[in-house]
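These protein sequence lines map, in sequence, to chains B and Y.
Note that the numbering used here has the first sequence beginning at 1, numbered continuously upward.
Note that the numbering used here has the second sequence beginning at 317, numbered continuously upward.
Honestly, the hints are just simulated from the structure, not real lab data.
Glycine included, every Cβ here is placed at the ideal spot set by N, Cα and C.
Check the hints yourself; a few may be wrong.
[What the hints assert, rightly or not] Short, incomplete list of chain B residues facing chain Y, as computed with Cβ under 7 Å:
| hint | residue |
| --- | --- |
| 1 | A17 |
| 2 | F19 |
| 3 | A34 |
| 4 | Y89 |
| 5 | A97 |
| 6 | D156 |
| 7 | V158 |
| 8 | F175 |
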Amino acid sequence: MIEMFHFLPASASGAAARFDLLMLALMLLTGAVALAVTLLIVWFSFHYRKGSGADRSDAPAGNRIIEVAWIVTPLLLFMGMYVWAAYDYAQLYRGPANAMPVFVVAKQWMWKLEHANGHREIDELHVPLGQPMRLVMTSQDVIHSFYVPAFRIKQDVVPGRYTTLWFTPTRTGEFHLFCAEYCGTEHSVMGGRIVVMPPADFTRWLQQGTSQPGIAAHGFELFRRHGCSGCHSAGSSVHAPDLNGLLGRTVHLQDGRTLVADENYIRDSMLLPKKDVVAGFEPIMPSFAGQLSEEEIMAIIEYLRQTGAEHASASK
Amino acid sequence: MPAPANSTASPAAATASNYLTEGTTLKSWLTTYDHKRIALLYLVSITAFFFIGGAAATLIRLELATPAGDLVTHDTYNKLFTMHGVIMVWLFLIPSIPSALGNFLMPMMIGARDLAFPRLNLASWYIYVAGGIFTIAALIAGGVDTGWTFYTPFSTMFSNTHVILVLVGVFIVGFSSILTGLNFIVTVHTMRAPGMGWFRLPLFVWANYATSIILVLATPVLAMTLLLVAAERLFGLGIFDPALGGDPLLFQHLFWFYSHPAVYIMVLPAMGVVSEIIPCFARKRVFGYRFMAYAILGIAVFGFMVWGHHMFVSGSSVYGNMVFSLLSFLVAIPSAIKVFNWTATLYKGSITFSAPMLYALGFVGLFTIGGLTGLILASLAIDVHLTDTYFVVAHFHYIMVGGAVMAYLGGVHFWWPKISGRLYPESWGRVAALLIFFGFNLTFFPQYLLGYGGMPRRYHTYPPEFQLLNILSSAGASILAMGYLLPLGYLGWSLFYGKRAGSNPWRATGLEWQTPSPPPTENFAHPPVVSTGPYEYEPQTGTELPQ
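Generate coordinates for the entire structure from the input sequences, incorporating the hints supplied.
Put into structure tokens, the structure is as follows:
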């Protein structure tokens with residue numbers, strides 16, 4: 001029974017502390033406005049009730065100065081809140097470069113998570129204390145939403161594209177993981193837990209039971225098996241773009257557009273190759289839609305990311 | 317006071333012939349072109365739908381009294397909250413004040429004999445009832461589990477329920493909204509009595525006029541969106557499902573482009589009602605009339621530019637979201653103006669507290685809380701935590717139930733003597749108003765805390781730490797239910813046993829009070845001529861004649 005009274009979530013991420021401070025400020029400001037309106041209504045209702053002896057001479061039917069004042073004052077105060085909240089929001093999407101990746105695939109009604117070394121989890125995510133994390137997420141079917149109240153963060157997980165979520169856990173323990181976007185029959189049980197561990201424990205945990213190759217190694221294997229390397233390798237006779245170090249590179253497209261290659265671009269290039277054809281190349285690549293699972297697409301992207309890292313270290 | 321040439325009709329004349337006694341057969345009701353009778357047709361039908369939607373809510377609150385799913389199955393629960401949302405939004409809230417009270421009052425308030433297109437008005441009701449029955453039949457026979465928001469690709473490719481039937485029902489009902497809106501717009505433009513300038517219009521007319529513009533502009537977008545959902549679901553046309561080459565966020569943009577303005581469709585008429593009630597019971601001119609009218613138009617225009625705030629964590633652009641957040645803060649300004657002006661109207665008034673006034677003051681308080689928590693949700697970083705939790709559920713119920721339904725009931729009580737010719741029992745009216753106020757707060761205030769605690773919405777089962785607040789909420793819902801059932805009893809009773817009201821029991825200033833209660837079919841014996849503004853109340857002297 002006692003747990004019924006502890007409904008407030010713990011504050012367990014860097015964002016949570018900032019969020020709570022902003023929330024406190026907003027509650028004080030909105031609370032002050034609500035209290036002022038309520039007190040005025042109650043006071044006027046009592047003081048000017050019918051039959052009271054209150055002075056009612058010169059009752060105003062409007063007052064331009066007062067009206068402008070009570071428009072401008074709250075406007076300025078709330079604009080301050082807007083800027084504060086927008087700044088904190090932007091920070092959520094500016095992840096540190098050293099963030100540890102986790103790959104998340106949602107489906108009706110479970111979360112499938114995979115660490116970079118190939119360690120897989122279902123409906124559970126183990127993370128080390130104090131380590132910035134980057135979750136790359138997609139859905140296999142409908143829209144879901146990855147929600148950890150103790151971290152004060154939430155991100156919709158959308159089929160057909162990647163969304164990213166960054167957080168840094170600041171407290172060890174177990175915390176709720178919920179699906180926050182309605183997704184059908186078992187929506188309310190599509191959850192699990194986030195386990196924040198001391199870094200040493202986490203390292204030990206991560207090594208246990210991984211017979212799988214790491215994600216990038218798996219991606220390389222897929223890259224060869226599906227014949228990607230046949231065209232995209234340096235010595236190929238087929239004229240295809242070089243993929244080494246593609247992530248983060250600026251790409252010029254045939255129709256004149258320019259973009260920076262990110263996960264969504266590579267994903268689309270595999271499944272919808274005619275969407276963004278690189279300038280100077282023929283649109284001859286076949287689509288791999290239906291041949292690769294979401295996990296496999298993520299693995300190939302991670303392989304390409306690693307070639308970028310090798311590329312960079314080789315050129316140094 | 318704007319006085320028509322012959323304003324003091326005798327009670328005997330009132331009972332001799334009025335719109336209620338014009339015809340008593342069922343056929344005379346079903347074929348009437350009289351806006352007042354059509355208003356009553358709406359009143360009866362929306363009341364029926366309200367209690368069906370309320371029954372679904374009752375089951376939801378019963379189920380949520382315990383963390384486990386022990387009353388109904390997952391699927392049944394999902395169908396219940398879908399049914400509750402669809403019925404309450406499209407079959408009750410949107411038509412409630414405009415189609416029932418607005419239909420009755422708009423022509424009378426501007427001194428007209430009827431709406432501009434009486435036959436179209438009756439057609440609107442038939443379209444509404446047809447769509448409503450279609451929707452209810454689909455909901456009860458098989459049910460739909462998509463939520464009232466029909467998010468894709470769940471609704472198009474994954475749900476195994478009767479999505480298409482309900483879509484068709486909502487699609488049909490939309491045309492009723494469009495036609496009613498069109499009728500009101502033309503009526504206000506072309507049928508105002510001599511002397512009734514735009515700035516002599518009661519704020520109720522302004523509010524319903526602005527609402528009509530939203531209805532006409534936004535509802536077609538909903539209709540198109542629903543057609544696109546049907547096209548993908550029936551023919552596999554890839555519009556929203558990425559597996560077919562579509563974009564699921566496109567649906568959200570289209571849906572909220574209608575559904576955010578739809579919130580203002582619900583709350584603007586409510587503001588109109590409250591703007592009539594407060595001056596009458598404070599015996600005072602409304603404070604800042606012009607600002608009030610401009611605020612109504614401001615809300616209607618700005619309301620079209622904030623839909624993106626429903627999508628802050630959907631994966632849409634960070635910079636786009638910053639713009640939508642800013643616009644959402646700005647749309648709060650006209651609402652704030654209205655709250656401050658209602659409060660200032662009380663200043664130096666001579667205030668009495670009949671049931672309509674209790675509802676109106678309750679509205680101001682609850683709308684203020686709903687609006688301010690809306691600002692919290694508009695704050696980007698905080699919305700990341702609070703969106704899709706019970707905080708949102710609490711917020712929009714404060715606006716739509718604490719706001720719109722309170723005002724609707726206040727309006728029904730305020731104009732009941734005009735509509736029925738009888739007085740309702742005042743002490744019962746006050747008891748119901750207070751029950752609803754306390755029941756409402758007990759139901760929905762705990763949901764703010766649940767949301768802050770992290771309980772997601774649309775959850776059939778939940779972790780045990782949320783139980784206490786859910787029990788409070790369910791307890792509040794049972795009080796709220798009693799509060800809603802009471803008026804059904806005493807208003808019904810008053811139809812037969814209530815005291816005769818006379819033409820103007822509240823000593824109110826609007827043109828609708830210058831004609832007998834119930835009004836004659838032609839509304840006014842002689843067309844009124846208007847020479848003053850709408851709220852010429854004198855708190856001290858009481859120049860109005862006693863009844």
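Each hint tested on the structure:
1. A17: 12 Å, violated
2. F19: At about 6 Å, which falls below the 7 Å cut-off, the nearest Cβ of chain Y leaves the hint on F19/B intact, so it holds.
3. A34: 6 Å, holds
4. Y89: 3 Å, holds
5. A97: 18 Å, violated
6. D156: 5 Å, holds
7. V158: Holds: closest Cβ of chain Y sits about 5 Å from V158/B, inside 7 Å.
8. F175: Nearest chain Y Cβ about 9 Å off; hint violated.
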